[in-house]
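Engineer: Listed here are the chains, written in short residue letters.
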Amino acid sequence: MAVPATLAFTLLAVLTCWDHYAAGTVPYTLEFVLVSGFGLTGYLPVSSLILAPLLSVYLGTECSENTMRNKLIAGHTRTGIYLSELLACMATALALDVLYMLLAGALCIPPVLKMSGTLLRVPFWQLLAWTGAALLARAAYASVLKLLVTVLHHRTAASAGALLLVIGTMFLCRTAFGQIQFLEYSLAAGVPVQNGPARLAFWRLLVDVLPTGQYLQVSRLDTPNLWRLPLFSLAVIVCTSGAGLLVFQRRNLK
Amino acid sequence: MRNVFSANLYRLRKTRAFYIALTVMAGYAVFISGLCWYKHWSGEAMLFGMEEPLLFAFCTGGTVPFTAFILAPLLSVYLGTEFSCGTLRSKLSVGRTRAEIYIANLLTCIFAAVLLVVLYLAVVLTALPAVGEFHISVRQVLLLAGTGLLAFAAYASVVNMLSALLGSKTNTALVTLLLLVLTMFMTVYIADRLEMPEFVNAYDDAGQILEEVVPNRYYLQPKARAVCEFVLDLLPTAQCIRISRLDVPYFSRMPLLSVLVTVCTSGIGLGCFQKKNLK
Chain W
87 MAVPATLAFT LLAVLTCWDH YAAGTVPYTL EFVLVSGFGL TGYLPVSSLI LAPLLSVYLG
147 TECSENTMRN KLIAGHTRTG IYLSELLACM ATALALDVLY MLLAGALCIP PVLKMSGTLL
207 RVPFWQLLAW TGAALLARAA YASVLKLLVT VLHHRTAASA GALLLVIGTM FLCRTAFGQI
267 QFLEYSLAAG VPVQNGPARL AFWRLLVDVL PTGQYLQVSR LDTPNLWRLP LFSLAVIVCT
327 SGAGLLVFQR RNLK
Chain R
13 MRNVFSANLY RLRKTRAFYI ALTVMAGYAV FISGLCWYKH WSGEAMLFGM EEPLLFAFCT
73 GGTVPFTAFI LAPLLSVYLG TEFSCGTLRS KLSVGRTRAE IYIANLLTCI FAAVLLVVLY
133 LAVVLTALPA VGEFHISVRQ VLLLAGTGLL AFAAYASVVN MLSALLGSKT NTALVTLLLL
193 VLTMFMTVYI ADRLEMPEFV NAYDDAGQIL EEVVPNRYYL QPKARAVCEF VLDLLPTAQC
253 IRISRLDVPY FSRMPLLSVL VTVCTSGIGL GCFQKKNLK
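Those sequence lines, one after another, are chains W and R.
So the first sequence is numbered by the working numbering: it starts at 87 and just counts up by one.
So the second sequence is numbered by the working numbering: it starts at 13 and just counts up by one.
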């Protein structure tokens with residue numbers, strides 16, 4: 087179901103691009119199409135909404151169907167099981183993103199060239215940096231989902247929890263972007279704002295740490311602290327994997 | 013059916029998800045009430061009336077149907093447990109009909125939805141001294157709240173139907189949550205399209221705005237506009253969003269459409285449930 091959903095989303099993006107070309111709207115280039123896979127209109131992480139049920143059902147089924155006990159009986163260690171599942175989740179998440187980018191990128195080249203006369207308005211290395219940061223954030227997101235499923239250890243609870251987590255972080259990031267915009271304009275205009283710089287730093291840190299915040303920033307092509315996004319993603323992966331392993335080692339597998 | 017309904021209520025009291033839902037709803041209400049008191053104590057001018065925090069029971073800030081996000085997993089888990097634990101077969105074995113079971117489940121879901129809303133309203137009313145007044149009449153607030161409750165009844169009916177069709181806790185929870193997100197964004201998109209002006213400024217090839225005014229291709233023509241308005245009044249989630257925005261141009265038809273949705277989805281759900289093979 088995840089692949090058809092991703093293909094449907096890709097089709098929506100491609101059709102929208104062709105529609106904009108046919109309507110003669112404001113021209114844009116390929117980087118807008120490619121990063122839309124991480125966040126539609128800069129707010130809606132469609133890929134996360136597709137990934138959350140996929141990964142939570144896939145991981146949660148092992149918890150509910152007791153296949154983990156079989157793996158342990160066969161001689162695998164808990165660490166090996168956890169890390170292999172984590173890698174599988176990351177690979178799946180990245181594969182869906184790459185699928186979107188390849189298809190949408192290829193199918194939107196003709197309308198983009200006819201609209202703008204050029205494929206990219208930013209240097210290619212910039213696009214690579216954005217894409218790399220977003221894909222690493224996606225891997226961090228998969229790691230967070232793996233931790234959530236390990237803690238909840240129940241397919242239904244994990245599925246509902248994963249979706250609610252996506253929706254919650256989506257609205258949190260939306261609030262953060264609104265606050266950042268308000269604070270930046272106010273500080274630039276010299277309007278006194280109580281604890282303005284501190285609040286701005288807090289909201290900026292929040293959207294830089296959260297995987298959802300990272301790839302929504304990339305989808306908006308607005309990453310003032312691009313250098314630290316991969317560092318935070320790696321930190322999230324290490325911390326959530328460590329916590330998940332700790333929980334899993336002590337979990338009583340019935 | 014009274015016995016089945018009583019048994020359902022007893023099981024609801026024993027469901028952990030129910031207490032999690034109540035706790036989250038209470039926490040949400042305390043948060044909203046706290047925000048009102050914070051504004052009052054910080055001396056900020058109250059630009060809103062008491063109706064706004066009260067109507068947040070149905071949708072937060074005119075965008076997020078928060079209560080529906082709590083209801084979806086609660087009802088999915090509650091209803092799905094009957095399928096996975098075999099309690100449905102037990103109920104049929106003791107002589108209950110499928111129609112009795114279905115309708116009792118529906119009434120239980122509506123009860124849970126109403127209870128969550130009432131809990132929220134009771135907690136947020138403590139912020140009345142802080143906010144001070146209503147900007148619309150209390151009668152209008154009561155009418156809006158009543159319409160919102162009917163919308164939740166329709167929503168509970170939709171979840172009950174999906175549960176009967178899907179028969180699995182996990183699938184029902186996933187489908188109801190994803191449908192909720194889809195209808196939420198669809199409602200916001202349609203509402204934005206309805207507000208678009210008929211004419212806009214043209215752009216040149218470089219993307220610069222010109223003084224020339226052209227028809228807005230995204231402006232909805234009368235027929236499309238009427239259809240969109242009808243869709244917004246039909247969908248329970250969209251009704252909640254409109255109520256919280258105090259944007260209810262066709263007030264009389266919302267309750268009727270909620271009843272229609274409840275009847276139709278119950279009919280479909282009951283029909284499928286009658287034919288479902290219960291393992």
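In short, the hints are calculated from the structure, not lab data.
If you're wondering where the values come from, they're calculated on a predicted model, not measured in any experiment.
Check the hints yourself; a few may be wrong.
Stated by the list, open to error - Only pairs whose alpha carbons sit at most 25 Å apart, straight line, appear in this in silico SDA-like list of lysine to any residue: (1) R/K235 <-> R/R110; (2) R/K51 <-> W/L258; (3) R/K235 <-> W/D105; (4) R/K26 <-> W/T102; (5) W/K157 <-> W/T127; (6) R/K235 <-> R/L268; (7) R/K26 <-> W/S150; (8) R/K235 <-> R/S264; (9) R/K288 <-> R/K51; (10) R/K235 <-> W/H239; (11) R/K26 <-> W/H239; (12) W/K200 <-> W/V100; (13) R/K26 <-> W/V279; (14) R/K51 <-> W/S150.
Stated by the list, open to error - Here are some, though not all, of the chain W residues that point toward chain R, as calculated from beta-carbon distances under 10 Å: (15) Y107; (16) A109; (17) G128; (18) L130; (19) N152; (20) T153; (21) M154; (22) R155; (23) P197; (24) L199; (25) T204; (26) P209; (27) H239; (28) L250; (29) G254.
As the list claims (entries may be wrong) - Which residues of chain W face chain R? A few of them, derived with a C-beta cut under 10 Å, are: (30) L97; (31) A177; (32) T178; (33) T217; (34) T242; (35) A243; (36) R290.
By construction, the Cβ of each residue, glycine as well, lies at the ideal position given by its N, Cα and C atoms.
Engineer: Does the structure break any of the earlier hints, and which numbers would those be?
Structural biologist: Violated: hints 1, 4, 5, 9, 10, 13, 14, 15, 17, 19, 20, 21, 22, 23, 24, 25, 26, 27, 30, 31, 32, 33, 36.
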